[in-house]
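Please build the complex by placing chain A on the supplied structure of chain Z, with the hints as guidance.
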Amino acid sequence: MASKITGGCLCGAVRYESAAVPGFAGNCHCRDCQKASGGAYVPLLALPANAVTISGEVKFFDVQGDSGNIMSRGFCPTCGTRVVGKSSGMPALTVILAGTLDDPGDFKPAIDFFTASAQPWDHMNPALPKFPKSPA
Amino acid sequence: MATKFTGGCLCGAVRYECEADPIFMGNCHCRDCQKAGGGAYDPCIGVPAAALKITGHAKYHDVKAESGNTLSRGFCPECGARLFGKTSGMAELAMITAGSLDDPRQYTPAMDIFTSSAQPWDHMNPALPKFPKMPM
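Order-wise, the sequence lines are chains Z and A.
Take 1 as the starting number for the first sequence in the numbering used here and just add one per residue.
Take 1 as the starting number for the second sequence in the numbering used here and just add one per residue.
Chain Z with its partners taken away, still in its complex shape (with noise of 0.2 Å):
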């Protein structure tokens, strides 16, 4: 993985950086996450909270998830690109997308979740370890 994290939405009015190793990276493929992005999964990778630094402003929409947790997803009020998410169940990790990092390349998915939800076109690397729920 690069050294530094940058990325941001599609308009440019948000960024996000962090020096961090990324603790945990895969594709969660809940139904939330398929009607939030319009998309089969969101490819997440997660960071400590306290070594992202955001730049602009970013609207949160909340919902709870099967979890009973409150998943909270940021995106660009300007134009609409998910950036960030929260979980109230893991208040130490910041969630980013890898769609948009500003080098997607280096992305590496462990694992996909939330299997149960999946569509029948989300095609997905046979390669990965599949959990139909939550990895926890």
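Simulated from the structure, these hints should not be mistaken for laboratory data.
Glycine included, each C-beta is placed from N, C-alpha and C at the ideal position.
Check the hints yourself; a few may be wrong.
[Stated by the list, open to error] Partial list, derived from the structure: chain A residues whose beta carbon lies under 8 Å from chain Z:
(1) 21
(2) 24
(3) 43
(4) 46
(5) 61
(6) 63
(7) 73
(8) 80
(9) 107
(10) 110
(11) 119
(12) 123
(13) 130
(14) 131
Just chain A now, kept in the frame of chain Z:
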């Protein structure tokens, strides 16, 4: 054959319905779609614009595409969900994201486009025709 599509955003503020023959269904892997959705690709359904009925207010963000046309991506300003697309090159065409469908199983992609921009972790269905740019 006409299909009835219904769907909407994560918070319910924006809903849509459309009863029409889909014009195309395919996965766009361009860098703008990656950023806008935060993921690997946008699973896109093209429908006649006149057949798409939207309730609620979607916000649009415009980007000049490689073609020179303006691509407008529509999202819910409350929850950020990725919903719609329009192109200045074809006013009769409207696009919806498959992840926003009430029944995403209706999506049956016929191709992958802009695969020249796809990320190494973007695991595509090998059975679908691949187009490095637009399918022309």
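Next item on the list: Kindly indicate which numbered hints from before are broken by the structure, ordering the numbers from low to high.
Entry: Hints 1, 2, 4, 10, 13, 14 not satisfied by this model.
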